[in-house]
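A.B. asks: Kindly produce the complete structure, drawing on both the sequences and the hints.
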Amino acid sequence: MSPRLILEQAVQKELNLISITDHNTVQHSILACKLSEDMPIRVIPGVELTSREEVHLLAYFLNVEALLKMEKEIDNSLPEKKNNSRIFGNQLYYDLKGEIIGIDDALRQVALNIGLDNLVDFVHSIDGIAIPAHIDKDRFSLLSQLGFLDREANFDAVEISKFKWRKRKFQLGDTWDGFPVIAGSDSHGVEDIGLFFIEDNQEEIKNFLSLKDFLKRNKQ
Amino acid sequence: MKLSKIIDKCQLEKIAFCADCEIKNGYCGDLMSDVMAHAEAECIWITIQAHKNSIAVALIKDIKSILFTNNVTVEEEVIKKANEEKINLLRTDKNSFTVCGEIYCMMEAETAKD
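Sequences listed follow chains A and B, in order.
Heads up, the first sequence is in the working numbering, so the first residue is 1135 and it goes up one at a time.
Heads up, the second sequence is in the working numbering, so the first residue is 90 and it goes up one at a time.
Rather than coming from a laboratory, the hints here were simulated on the basis of the structure.
A virtual CB, placed ideally from N, CA and C, is assigned to each residue, including glycine.
Listed next, with one range per pair, are the computed distances between beta-carbon atoms: (1) B/D123 <-> A/D1326: 27 to 37 Å; (2) B/T187 <-> A/Q1146: 48 to 58 Å; (3) B/D123 <-> A/K1231: 42 to 52 Å; (4) A/E1338 <-> B/V161: 34 to 44 Å.
C.D. replies: This is how it looks when you write it as structure tokens:
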């Protein structure tokens, strides 16, 4: 999926604010940020990290510079193994126009050698937001790997699956064990984009800073 | 079998040693829900999961000793919590398979003696 295709689809579906959070890689999130400058959509730089405990952690940042600092930390913490495209598929690099320009051969479908709490601390040290991903799922989630949500943990929010969000009729501003709760579309193909989104009726969240502020105000 | 004997024979590193205790059995697992469901009280829990939540699981299950394998990094906060809660933390550079085998054989040999 090229960032251009994702953004065009998101604009067509009238989404206002999105983030591309690939697993342990940031280049397409950065491309999307650049592309969005000429498009009627806002993009928050982000990434989905895998902690040593194999907990997926969403991280969002103010700008591309911060995301590049995150990239450095990722590259220092991945095992020095090559991706096996037969198992995980090819990891393609696209350019701004949507042309394939290369293949990333690093093994990214694995855990970083950083514990969850330290990973959260790192994200915060570069002023990012750290949110455990799809905590209700039975794989790669905070609850599946670590059993329960510690109320003292330093997360800015928790993310649940879109299925849980719909089932429990969650709304923006709701909480889960004291943490603001969000959900993402978890789009893995262009056809998924726009099928799920969070409604922001008060139009409170326009960019990273207002998201950060919103989560801070809603954390109990 | 005394924990101190296991530590000695398997050459385990003591990260937090609060009190010697009697080890009645063992459990090996890295998923907290699995350990909560299957581990028995007063066992030695062998895992690579060196997160603060491991201490909480040990408390819930009345596990007094956790053995971290593969020489996994244990954060200061985890050690502090273990000391507060009187949970023994041990570590080895061996993997879980190897150290489980060693401890299992020791415990079997001791049972056979009785």
